[in-house]
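Once you've looked at the hints, go ahead and assemble the two chains, each given alone in its own frame, into the complex.
Line by line, the protein sequences are chains A and B.
Take 1 as the starting number for the first sequence in the numbering used here and just add one per residue.
Take 1 as the starting number for the second sequence in the numbering used here and just add one per residue.
Note that these hints are calculated values from the structure, not bench results.
Take these hints with a grain of salt, some might be off.
Claimed, not checked - Under the rule of at most 25 Å between Cα atoms (straight-line distance), these lysine to aspartate or glutamate pairs were calculated in the DMTMM-like manner: (1) A:Lys-107 - A:Glu-139; (2) B:Lys-205 - A:Glu-338; (3) B:Lys-205 - A:Glu-377.
It should be emphasised that the depicted structure is a prediction, and the values quoted were computed from it without experimental measurement.
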Amino acid sequence: MLDEFMQGFASAREVNLLRIKEAKENGRKVVGIYCTYCPQELILAAGAIPVGLCGMSENPIAAAEETLPRNLCPLIKSSYGFAATDTCPFFHFSDLIVGETTCDGKKKMFEIMQDLKPVHVMQLPHLNNTEASFELWVEEVRCLKKRLEKELQVTISDQDIWRAVEVINQEKQAIKAMFDLNRADPPPLSGMEMLTAAWSRSFSSDKGELIDNLNGLVREVASQTNNRQVKAPRVLLTGCPVGLGTEKVIRLSEELGAYIVAMENCSGYKTLELQTATNGADPIVALAEKYMAIPCSCMSPNPYRLKLIENMIDDFRVDAVIDLTWQACHTYNIEAFEVGKLVKSKGLPYLHLESDYSNSDLESLKVRIEAMLEMVEK
Amino acid sequence: MIVIGIDIGSVAAKGYIISSGSHHRAMIPTGWSPREAGQAIIDQLLEASGLERNQVEQIYVTGYGRVAFEHADKTVTEIKCHARGVAELYPEVRTIIDIGGQDSKVISTGEKGQVLDFAMNDKCAAGTGRFLQVMATALGLDVSELGDAEDPRQMQTISSMCTVFAESEIIGSLARGNPKGGIIAGLHQSVGKRVAAMARRMGIKEQVAFTGGVAINPGVKRALEEEIGTRIIVPQACQYTGALGAALLAWETLRRDL
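Next comes chain B alone, as it looks inside the complex (with noise of 0.2 Å):
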């Protein structure tokens, strides 16, 4: 048996392969084609795992570019799928924070990785990686980068939530003559204030792990473990929980038709 999960987001397109006994993963950017990227990511697959596209017998599909995607068997959310994702991980897990470019959610789930229940950001890049994306290039910086030059001990405090304004509050900090490494630790703290916020509002339960493109960042990291007060576990897979859930969800469906 074997299946694809492929998790399409705004920013990178994720997918895993697994067959019986083995398994492969790939990333590449999304780009500005979402099918493309789907498409890359299928051939990369292959050729990892050296399996012919019609050994594959199911494809699924998650992530904003889903829909754009036309060889998928089925479309499942994001939501579903990082919840599956995670608990196959982490079966102690029962709250998920997922942030990734453009939204950031959090997802309560259940002893089977069920969804229970889920939040998520409204249309705005407060508390998303394109929030850190434009910060670090206010700041001279790449996003990656972003994690390991905070300094927490000199936080200095961004309290703009909009993007434009909070851009604009950096320079005029940098101005100031205020340290980057502060301002790096006042942005990771903004999101995550924003973040568990909205945590807290659908109810925290633990363990709690941490998903997407910015769990990279452990200053993210850090700032949601102060913020909801509970140790945060980021898998070593972060960004692929979801393409990993769409595999699982698929593998389950061809063993229940067997």
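Excised from the complex, chain A in its bound form (with noise of 0.2 Å):
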């Protein structure tokens, strides 16, 4: 049963893609985000269909060099060479590219996508804990929704920013529930599980149904025995986003003998405490104050993140942290060094792997990890 549920997460990109075309093909208006910092909320409000675009292969990255300096985050690199060698569906599909200025690569490659289709630019505030900072964002907020109703040409009421919100909340519960059963030791879910269960998050059409799988998955766990009775290290990945594509270090260490039993990155924990509070009188400050509070290492400074994976390694019972960087990620590279510290001061072992989609590193990365597992075993 549990094996079902997997196969369905596993399947969502397909399936999706499917149901994402026929939805066009009925008018339905398809936006394209890469980040967790776009409000979604207002996609739905507008009516149209939210969906995660690609970067998470090496394979478009030769051809986003003819563009880009080959000194560049692969992340952005792969996002811009799928858009433009059109091999990416949902790209294809999408009648709006919505994107963020979280890092100065991102920034300038966003300029240089518009030639491929219409791209919304929002514009992050580097720090998160000033009133003019907030006030951009909020106006920035307000300007991503003019955007969309322009661009669909609908009208987005506030009550409808409100319905979506209840969605997007009900959405984070029910993932963070789902990673929240590896809490238990040992965890029920691998690594590759749950990372496939999060991710399929990105492409899902359908709110209601993903919500309805996450749950049925929950309860499936939870009224099972758990069979893996093997004792193994438990890993807490950090760091840079992961997907499926990109899933290197978390199948190494788990060939290596461990469980990646938390993730704290943005396709995993980094958002999933933050709910939009549905008492204020604006649903766009309500979402801007959300969207705000997300832990990452484009925000200066980011004590939130530490304290998150400060308590991630209580919760989940956490023996050592692996930190990903991809390389010329220079924000979670120099936040590296402050990781490492509060990881070290709980006595745990910190492995920070800095590496790339391609697969030269295998070997390097395999000797790192396994030597980090060995310190855990003593």
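Next comes the structure, spelled out in structure tokens:
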């Protein structure tokens, strides 16, 4: 039964691709997104389908390097490469792309991407703790609403937004409940299973169905006796975004005998404690508040990420932490220093890996991960 | 009780056989087949010790070739093995710098030789034995001759960390008439700088040991000592500490199971 749920999540991409194609033919609009900062609620409120765009494969990177510099993070190159080669069907179907200025690389890449599709870029402030930066961000969320209304030729009412807020709040709760299953020892879900389920969210055209499936999975796991009895090091993964296609560190760690029990990164736990408040007067302000609180390394300072990692270490009974930085992601790379200090101060092994989407460093990654796991065994 | 530890590196395969009361070691070039190198090491160890294969109770294998070798009872990373091997020889050591053929690493160890932390170079030849090998060829020398050929008084700084660029830098430097000994000292300094930076990032605690094939080169030891600012111990069997550690870990597992 668990396998059935997992298969459902694994096939979400294919199933939803067909659905989105059909929806497009019936006149529905599709908005492509790249990042957890994008207020999906507004897209839902506009009656459009928000869909996560491709950026997790090495394949289109060579094509991207015809335009972009080599020394750029693989996520940006892959995202642009998919778009430029028209090999991401979700990009293909999108009526509008929403990007954010999370880093210099993305900011400038989106300028070039405008030649391929209409791109709306949201200006993120670098501080998330001042009034001025919050006002800027509220304005940016309002701007997105206006752009969606213009581009998709709809009017978005406050009520539409509040309804969407409910849906996304529920989705977040359902995903969090799925991740929280792994607080148990041994963890009922493997890292690959967690990733597969969480990743399916970005393609799910029917949020209600996704929430039902996640809740079903949680109920199913709760009703089963856990037969993964082997004691193994419990590892927390943090750092840059990881998705299906760039899961090599998760896969290697589990092949080497670890349990990846939790993921702090974007597709994981990073945003899952954040719920949009529903008691305010202006849904735009409520949304801005929630998204501004995301502990991304592009914010300075970024204390909530450290607090979140510390809580997760305790809640998920973590034995070791792997911090993965994609090459040329300066903000996560530099923040690794603080994360390392925190993890070591808790007496746990900390492994900082810098890698890209290629398989050229599998052997050297293996040695490092294995040596870290040996430190747990002692 | 008889155990074997093998360290199959990118350049050399090393082995230790330990039995109650005696031990022997052996080393051969790894060549193209880590599996055959591992087998050849076992044969040599058995011959040197006069023991039979069926008397060997445990074989622990480490190094990059560890996965290719199918007769291992257990594979262990070279990080743990170096830490264990060095702890046996020099219990006071808290930091190990290991520079081998294709990587360099710094290991922070505890009182019992356990690994507390480690750092490794990125996928690049800078700061490894391979870097020195390429440079030796450019200078018309064998890599084993570099140590004695250096002249630090005439140091010629090599600024490029990239193996390809450093090679052309050397050729340019030779063309300008700079002395070979000074260029070699510069090469050693560049390896020392690179590895010392990695060590400082992790934190250096005394005493410091230097192992791996590159530790044979007194010029790199000198450069490391200058960069780190402390004396460094080079074990006489500096290439064997990984194999020794593997053998000791095998020994300890057997003893625990008795």
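Do the hints match the structure? See the list:
With a CA separation close to 18 Å, the supplied pair A:Lys-107 and A:Glu-139 stays within the 25 Å bound. Taken as a hint, the B:Lys-205 and A:Glu-338 pair is honoured in the structure, with Cα atoms around 21 Å apart against an allowance of 25 Å. For the hint pairing B:Lys-205 with A:Glu-377, the CA-to-CA distance comes to about 23 Å; that is within 25 Å, so the pair holds.
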